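Guided by the hints, dock chain V onto chain L, whose structure is given.
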Amino acid sequence: MVRWGMVIDLRKCIGCFSCMIGCKQEHFTPPGIFWNRVVISETGKYPTVTKQAYPVMCNHCKEAACVGVCPTGATTRREDGIVLVDYDKCVGCRYCMVACPYQQRYFYGDEKKEYFPGQGFTELEAIGKELYPLQEGTVVKCNFCMERIEEGISKGLKPGVDREATPACVIACPARARYFGDLDDGYCEVTSLIKSRGGYQLHPEYGTDPSVYYIT
Amino acid sequence: MKVNKPEIYEDKWVRSMCGRCYANCSIRVRVINGVAVKIEGDPDSTHGSMGGVCAKGAAGLQVLYDPNRLSVPLRRTNPEKGLFTDPRWKEISWEEAFDEIAPRMKRIISENPKKILWQHTVMRHRRVALAEMAFKAALGGASSTGGGSHIHCGAGTHPAALMVHAAWSIVPDARYCNYAIYVGSNKGVGSGHSMSAIGRRAADARARGMKTVSLDPMCHQSGGKAQEWIPVLPGTDGAVILAMCNVIVNELGIYDETFLKTKTNAPYLVGPDGRYVREKGRARGIKFGYSPWWDGKPNQGTYIGDDDTNKPLIWDSGDTAAKVYDDSGIKDYALEGSYEVNGVKCQPVFQAVREHLKQYSPDMASGVSGVPAGTIHRIAAEFAHAASIGSTITIEGYVLPLRPVSIVLFRGAQGHLNSHHTCHAVALLNQIVGACDVPGGTLGWPARGLGYPATGAFSYEPWKGVDGFLETDRYSGPSGLIPIHGPWPYRVPKNRHELTMDSMPHAEIYYHGDQEEIWQRMGTDYRIEMLLSWGNNPILSVANRDTTAEALKKIPFIVSYELFNNEFTESFADIVLPATCYLEEATCEGFTGQNFNHTPGLADADWCYHITQPVVKPKAGRRQWENILSELADRIGIKEKYVNEINNSLRLDEEYKLKPIDKLTPEKIADSLCKTKFGREHDWEWFKEHGFIRWPKKVEETYWRYLLDARTPIYMEYLVELGEKVKEATGDIWPDRDFNQYTPLISWWPSLVNIQNEPEYDMYCFSYRDILHTGSSSQEQPWLDEASSMNPYTYTITMNADTVDKKGLKDGDIIELESVSGHKVEGRLKTMEGQHPLTMGIAAQSGHWAKGQPIAYGKGTNFDILLDLDLQHQDPICGSIETCVRVKVRKVEDAVVYDVKLR
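Quick mapping for you: the protein sequence lines, in order, are chains L and V. What the first sequence shows, in the numbering used here, is residues 1 to 216, in sequence order. What the second sequence shows, in the numbering used here, is residues 1001 to 1903, in sequence order.
Pulled out of the complex, with its shape left as it was, chain L reads as follows:
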């Protein structure tokens, strides 16, 4: 069985927000909606300080809190580990947004919101709405670029290895800090990195078993 997962190397990440904007391009997400974000903070006390730049996204948890709370069955976890919202089933109750301990879900409430307020949709936004329509009144989030994965696999490509079949944020990263692959494959790059560099998940105490790992 495949379980898609990601490793983010914080030693390599330069906190440039390219993943966030690369994702926005891939999915034409409207203003204020981020399937990828970067959280910048610092730890320690002067002069012993460490800057933290954490790229964060949906963790595609094995024990996803959002799946259990969805009253309509719109949010499901697929066999390959991708946690997915079916917009046709989503009624926009936003229970999942409350339940997600990582705050990675967004309510898409206003399809008229423009990037240049009051100036209409740009050609880019207009075509985006056709190429990648979201449904107003539903909850949206990262889907691990499942379209890229599925289309890639159908062409015989390998996600995480072949560009076309790999999530857009991995492709976008100029520091090449992101790795994608099958967490159930003990010999691939992501699992080796997790083993060799002590990969960890965010908030393991929640018992959600995220599919996104960090290495430092």
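Don't read these hints as lab results, they were simulated from the structure. Treat the hints with care, since some could be wrong.
Claimed, not checked - Estimated spans, in silico, between C-beta atoms of each pair: (1) V:Ala1454 - L:Gly118: 52 to 58 Å; (2) L:Glu151 - V:Glu1640: 52 to 58 Å; (3) L:Tyr206 - V:Met1790: 20 to 26 Å; (4) L:Pro204 - V:Gly1621: 55 to 61 Å; (5) L:Tyr187 - V:Ala1454: 51 to 57 Å; (6) V:Asp1099 - L:Glu114: 53 to 59 Å; (7) L:Tyr206 - V:Glu1396: 22 to 28 Å; (8) V:Gly1456 - L:Val161: 55 to 61 Å; (9) L:Gly118 - V:Glu1010: 26 to 32 Å; (10) V:Pro1067 - L:Glu151: 50 to 56 Å.
To be verified - In silico SDA-like cross-links for lysine to any residue, where the CA-CA straight-line distance does not exceed 20 Å: (11) V:Lys1859 - L:Gly118; (12) V:Lys1553 - V:Leu1499; (13) V:Lys1012 - L:Glu147; (14) L:Lys129 - V:Arg1030; (15) V:Lys1807 - L:Pro47; (16) V:Lys1012 - L:Glu130; (17) L:Lys113 - V:Lys1287; (18) L:Lys129 - V:Glu1007; (19) V:Lys1851 - L:Thr122; (20) L:Lys89 - L:Arg77; (21) V:Lys1287 - V:Asp1307; (22) L:Lys45 - V:Ile1661; (23) L:Lys113 - V:Tyr1857; (24) L:Lys45 - V:Pro1372; (25) V:Lys1807 - V:Tyr1761; (26) L:Lys62 - L:Arg77.
Everything numeric in this text was worked out from a predicted model, so none of it was measured. Don't be surprised by glycine CBs; every beta carbon is placed ideally from N, CA and C.
Quick look at chain V alone, frame taken from chain L:
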């Protein structure tokens, strides 16, 4: 989920180059049904991250499709000019615009072409190379400025890098380096300088375990990526580095003897006057015409140094005799001791340097910089030991020294009045351990290229020149300005009564607060009558905007070629011409790639030559700059000259030379250039399809140091003579210039900010390159705005948390900063642990208030308002501007910033 996709009649990827900063990374852009929908890095090109692209690059789509883009020429109808005036734009036709510009231009050039000032962004440097330089030459000359370049450019570091690495800038060799020190530099984590290329290489190096140390007032971009952040007070980096040199040489006794003896001037004998002891006495200067690569025209002049009949001497300790430095029978070079040669008491340079360094104890450096003496001592020792002097590595058959340590600096460290010395201090430390252009050490942006194999295009290399020193012709400016950006040898200055002072920087003398006094002292009998600007916003990006405004008010006619209206156009432009953006343009590299684009090092650093091509058709009304120049050339009757100058400056093959009857489109020029460089089959059509051409980089191109018999200075002997000559030529123009700094011994001098001790002005405020922004050009893209709002520091003014407490302030307060000169800015306070307690940081050149950029409007603080621009704020040798400001801080209520109410 059901997705009803529209009919897709076009879906293609177009290969091109980014235009968001001067790194100009390779990109590929996906176009669906005529709309550019995605920008990625090109995985097959080494220019950039090899697949990724930074946020600024990705956000280029929002430049392309910004509804605020200009698409019609505009003419100012309000005769009143000045900050915050309403231009009362009137739309005009291109014909009307040319009618305004061309006759004026014709009249002015008949009087003196230098009355026209050309101002261009440095972000698209290729374009200047392609046609603009030729145009200016066809006019018979011109005045030029890279708008805002003095505050982000390397006035200090470029000359030092040229002399020591034959390159524009320096970077650690990420492939083999194990210990890298970044001094006031966001290389690879900010914009410019092959940003994504060196960013990816440094990331790989960190992942494999390279230790990085950051000497920086702020633990954010570079500091935030370092394993060890060492907070330092601005202006004092040089003291810390010289103390490290002292510890290494005098205490640990570690140095690369072979390197010093054969690759530097360490063994040259110097007399009591600080000058080399030569065969026949003092250097006589050399007369020749230096031909810089970019126009090939010999720059006649007298240069510092002497010819082969009067070489510097060394002491051969094997033969106990003085010999010329390159005598074939030298048994061993003495680095120490005292000698008497030709009746002159003398000592080797190294002896003098070593003694001189003793004053820079870790305690002394600690006292001025705030870096603990123990830390200075420790990193010095770590650096020296990590250099593994004596070790070698074999790469593709070449046995080369392995020196896996590097120290590099950039804007932060060199933005002070001790810039020249600080840059050379960094070079000294690299030279002491022999970590220059060898595996693991400090590399120049490629200093040597053997060229494209089939044609030899792009071959260039450094050589052994005057007095045995490393020379390169890569960057000598046509004006021969010294020592700015010039390679060795430096030309003796002449007072030429032109608006840019000889011996002054490329500097923004056009915006100097004291420009009129300077010009009067120079006896300059003309002034700027017309300003032609593209991609520039000098109101936000030069210095204090009132000073800049005063200078602009004196220029009768201003044309700005722009994507958007900005503070400059709205306040001062008479005519605004709507520009194409890089995604709508055709250009290719003239010759500047090795400054900013080619990837230094080996492995995934192959040579690539790129074109920029239109990804989508430009909207009607927008024109490419080269097309405008072509039209102007026709209208003012210089077409033939212009064509000749293009042919000459681009060194076009006879067969591909342009003819005056040709329609000079950028594609046409680029086609000729591509074929000249790469052969007939590689024409514009070929490049449009492939985007770039790539060929392997060789070991001997990257690690050339031991393959070339040439030396570099650890002792700046030339400064003694240069000082005398500069004083002679320009002493009356800059009377209180600090000539003490013209000493050959690399020293630390307190900068202005280090001696302004009025207790009220207790804080040091500086600006830094935020990874999200390129100067003032990137605040208008909504994606970058969203990211900037997520980053707690981008739009705020940062201050150390304890200092905030002590001052009774709190996070989120609106504060006002007032400089010693009385300049004021306001902004929102952000507390930070990772900030030196006496410093404050402001990102980029934000703080827009122009109506033409509504997304950027009111975001962030414009640091440059605090900057003074006059001779008192320039390094006396290289002209670098003091870009740190002493300020006092107070909380304000209900502040109005620009004309935007903050609360």
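Discussion item. Hints numbered earlier in the text: which of these fail when held up against the supplied structure?
Written reply: Failing hints, ascending: 5, 6, 7, 8, 10, 17 and 22.
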